[in-house]
Amino acid sequence: MFDDPIYLLAMMGTAVFALSGAMAAARKKLDLFGFIIVALAPAVGGGTVRDLLLDADYVFWVKDLNYVYVVAGVAVLSFFQVHRLDGKKYALLMWADAFGLALFTIMGTQVAMTYDIHPVMVVIMGMITGTFGGMLRDIVCNEVPLLLQKEIYALAAIVGSCAYLILIDMGIPQEGSMLISVTATFVVRGLAILFHWSLPPYKGGQT
Amino acid sequence: MFDDPIYLLAMMGTAVFALSGAMAAARKKLDLFGFIIVALAPAVGGGTVRDLLLDADYVFWVKDLNYVYVVAGVAVLSFFQVHRLDGKKYALLMWADAFGLALFTIMGTQVAMTYDIHPVMVVIMGMITGTFGGMLRDIVCNEVPLLLQKEIYALAAIVGSCAYLILIDMGIPQEGSMLISVTATFVVRGLAILFHWSLPPYKGGQT
Amino acid sequence: MFDDPIYLLAMMGTAVFALSGAMAAARKKLDLFGFIIVALAPAVGGGTVRDLLLDADYVFWVKDLNYVYVVAGVAVLSFFQVHRLDGKKYALLMWADAFGLALFTIMGTQVAMTYDIHPVMVVIMGMITGTFGGMLRDIVCNEVPLLLQKEIYALAAIVGSCAYLILIDMGIPQEGSMLISVTATFVVRGLAILFHWSLPPYKGGQT
Numbered sequence: 001m002f003d004d005p006i007y008l009l010a011m012m013g014t015a016v017f018a019l020s021g022a023m024a025a026a027r028k029k030l031d032l033f034g035f036i037i038v039a040l041a042p043a044v045g046g047g048t049v050r051d052l053l054l055d056a057d058y059v060f061w062v063k064d065l066n067y068v069y070v071v072a073g074v075a076v077l078s079f080f081q082v083h084r085l086d087g088k089k090y091a092l093l094m095w096a097d098a099f100g101l102a103l104f105t106i107m108g109t110q111v112a113m114t115y116d117i118h119p120v121m122v123v124i125m126g127m128i129t130g131t132f133g134g135m136l137r138d139i140v141c142n143e144v145p146l147l148l149q150k151e152i153y154a155l156a157a158i159v160g161s162c163a164y165l166i167l168i169d170m171g172i173p174q175e176g177s178m179l180i181s182v183t184a185t186f187v188v189r190g191l192a193i194l195f196h197w198s199l200p201p202y203k204g205g206q207t
Numbered sequence: 001m002f003d004d005p006i007y008l009l010a011m012m013g014t015a016v017f018a019l020s021g022a023m024a025a026a027r028k029k030l031d032l033f034g035f036i037i038v039a040l041a042p043a044v045g046g047g048t049v050r051d052l053l054l055d056a057d058y059v060f061w062v063k064d065l066n067y068v069y070v071v072a073g074v075a076v077l078s079f080f081q082v083h084r085l086d087g088k089k090y091a092l093l094m095w096a097d098a099f100g101l102a103l104f105t106i107m108g109t110q111v112a113m114t115y116d117i118h119p120v121m122v123v124i125m126g127m128i129t130g131t132f133g134g135m136l137r138d139i140v141c142n143e144v145p146l147l148l149q150k151e152i153y154a155l156a157a158i159v160g161s162c163a164y165l166i167l168i169d170m171g172i173p174q175e176g177s178m179l180i181s182v183t184a185t186f187v188v189r190g191l192a193i194l195f196h197w198s199l200p201p202y203k204g205g206q207t
Numbered sequence: 001m002f003d004d005p006i007y008l009l010a011m012m013g014t015a016v017f018a019l020s021g022a023m024a025a026a027r028k029k030l031d032l033f034g035f036i037i038v039a040l041a042p043a044v045g046g047g048t049v050r051d052l053l054l055d056a057d058y059v060f061w062v063k064d065l066n067y068v069y070v071v072a073g074v075a076v077l078s079f080f081q082v083h084r085l086d087g088k089k090y091a092l093l094m095w096a097d098a099f100g101l102a103l104f105t106i107m108g109t110q111v112a113m114t115y116d117i118h119p120v121m122v123v124i125m126g127m128i129t130g131t132f133g134g135m136l137r138d139i140v141c142n143e144v145p146l147l148l149q150k151e152i153y154a155l156a157a158i159v160g161s162c163a164y165l166i167l168i169d170m171g172i173p174q175e176g177s178m179l180i181s182v183t184a185t186f187v188v189r190g191l192a193i194l195f196h197w198s199l200p201p202y203k204g205g206q207t
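Chains as they are written, first to last, in UniProt numbering: chain A, 1 to 207; chain B, 1 to 207; chain C, 1 to 207.
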């Protein structure tokens with residue numbers, strides 16, 4: 001199982017998203033269990049929503065405890081060691097989150113392709129897998145979801161998911177398509193972080 | 001499909017609820033993707049919760065992209081044009097929302113009747129379809145749900161859903177039962193808006 | 001059905017968790033329907049999340065209206081009578097909640113054992129059944145979940161759920177295993193309430 005590079009990437013994505021949850025837990029000064037629960041939300045939330053919407057036979061992490069172990073391990077490590085990152089934490093979080101977004105979007109796209117649904121819905125499911133975990137994290141912490149506020153985020157997921165579908169359709173092998181589309185998602189999001197790219201917010205009057 | 005008046009009504013209900021989400025997004029000054037995501041919550045949220053609770057084979061909008069297109073269309077239009085409604089926005093929102101509530105409650109009741117569940121549970125599922133989307137919209141926007149605060153709202157859904165069950169049981173044809181019970185829901189909610197009818201809030205001491 | 005002591009305990013657990021929701025509704029000065037909806041969240045929320053994650057054929061309360069009747073009854077009674085408890089309300093809530101936590105955790109563990117999942121996942125499902133309802137209650141009321149803040153809570157559920165698995169594995173009959181592990185959960189949580197036991201919160205710098 002751990003020989004499988006795609007599986008290893010899934011675990012890395014889980015770890016970086018769990019880290020984003022642990023950092024949110026640190027901001028709220030939670031205890032160790034709070035760290036674990038808030039780390040679970042971004043790490044497994046997006047894929048859980050996808051599996052529920054597609055009525056999967058089981059939600060992916062219920063049958064594979066490695067996801068839970070990775071999340072718990074990251075949460076415990078963060079609880080004791082995350083203060084060491086003071087000063088660089090926010091920048092690190094942004095890049096880890098961008099990496100998780102890219103991985104999860106393309107993996108969610110792959111899962112959705114195994115269902116008999118329209119390609120547009122496949123892209124939506126990829127986007128949900130990549131972005132809804134972070135939204136759940138923010139809802140649990142009682143904050144306005146970053147997904148709704150920040151620089152280009154959902155758009156990066158949509159670009160990457162579309163790229164994957166097009167590459168597969170062109171006959172590019174799965175590994176190559178994955179590498180290119182994960183990179184595309186990461187680059188779009190990374191450029192948005194570096195240059196503060198954002199879509200214009202609504203500028204109308206009060207409602 | 002678009003010949004079917006019931007389907008057209010479902011799309012209208014989706015559009016007015018999406019508009020309520022877009023107006024919430026405007027209040028939060030979100031970008032275009034924020035508009036789409038916050039519009040999705042009320043437009044498909046209630047039916048999604050119903051389908052998940054009933055363990056439907058698939059959540060309704062996953063197999064029918066028209067719901068997503070209507071929501072995206074309303075969100076995009078609202079992003080660019082909703083400022084034109086300044087001044088009348090709140091009143092318009094209330095009436096659009098009342099119309100969506102009435103349509104979705106009766107449609108949710110119809111869907112629930114196809115399952116082998118008790119009539120009381122059918123009414124509860126109708127009420128959930130009509131009201132939970134708005135609650136999800138408010139949770140995503142980090143506000144106390146209007147469902148929990150405002151004038152008679154869930155009660156209108158319950159009245160309409162019960163009316164539909166009784167009319168069908170009396171042998172009234174589906175179209176007639178639907179027309180009457182949608183109207184009943186809309187009238188109860190409309191009267192509550194016009195005359196500020198509300199149930200008395202809890203008046204006890206601090207807890 | 002009401003001859004079954006386990007079923008009676010499930011109804012008692014439902015009632016005490018519904019009471020915790022009604023008290024949250026009282027704090028927010030909601031109306032009668034608000035009381036019912038906020039009482040539903042803790043009373044059926046944890047088991048609902050468990051049933052969705054395990055892809056149960058149906059969510060438990062959809063086929064058994066008694067849960068809904070108990071919640072509605074407690075909500076109505078609370079709406080009219082909860083002010084009588086002023087002064088002792090908070091203490092009462094804590095103990096009722098501890099009792100509900102203990103019952104629901106062990107019942108959730110029993111349900112999860114009927115699925116083909118790893119024992120660690122059984123414990124996680126028991127913990128989710130016992131604790132996620134209260135988290136949903138707090139999310140609906142737009143508050144930071146108590147689960148994330150308070151004294152030892154999730155840990156009590158994990159201790160009780162593990163105890164149940166070990167006792168069953170040792171060949172202790174179901175009734176005895178249940179009695180001991182419900183008591184263990186209640187005692188751990190009760191001691192945490194009495195002596196303000198809590199796990200240390202994160203003490204690092206700002207993130």
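Hints were generated in silico from the structure; no laboratory data involved. Check before you lean on any hint, since a few could be wrong.
[Stated by the list, open to error] Beyond 10 Å from chain A on every Cβ pair, some chain C residues (computed):
hint	residue
1	Met12
2	Met135
3	Ala163
4	Lys203
[To be verified] Subject to a maximum C-alpha distance of 30 Å in a straight line, what follows is the list of computed BS3-like cross-link-like pairs (lysine-lysine):
hint	chain 1	residue 1	chain 2	residue 2
5	B	Lys203	A	Lys29
6	A	Lys203	B	Lys28
7	B	Lys29	C	Lys63
8	C	Lys203	A	Lys28
9	A	Lys29	C	Lys63
10	A	Lys203	B	Lys29
11	C	Lys63	A	Lys28
12	C	Lys28	A	Lys29
13	B	Lys203	C	Lys28
14	B	Lys28	C	Lys63
15	C	Lys203	B	Lys203
16	B	Lys29	A	Lys28
17	A	Lys28	B	Lys28
18	B	Lys63	A	Lys63
19	C	Lys203	B	Lys29
As the structure is a computational prediction, the values presented were derived from the model and not from experiment. By construction, the Cβ of each residue, glycine as well, lies at the ideal position given by its N, Cα and C atoms.
Q.
Let me make sure I understand: some of the numbered hints might not hold for this structure. Which ones are they, in numerical order?
A. 2, 4, 5, 7, 9, 11, 14, 15 and 19
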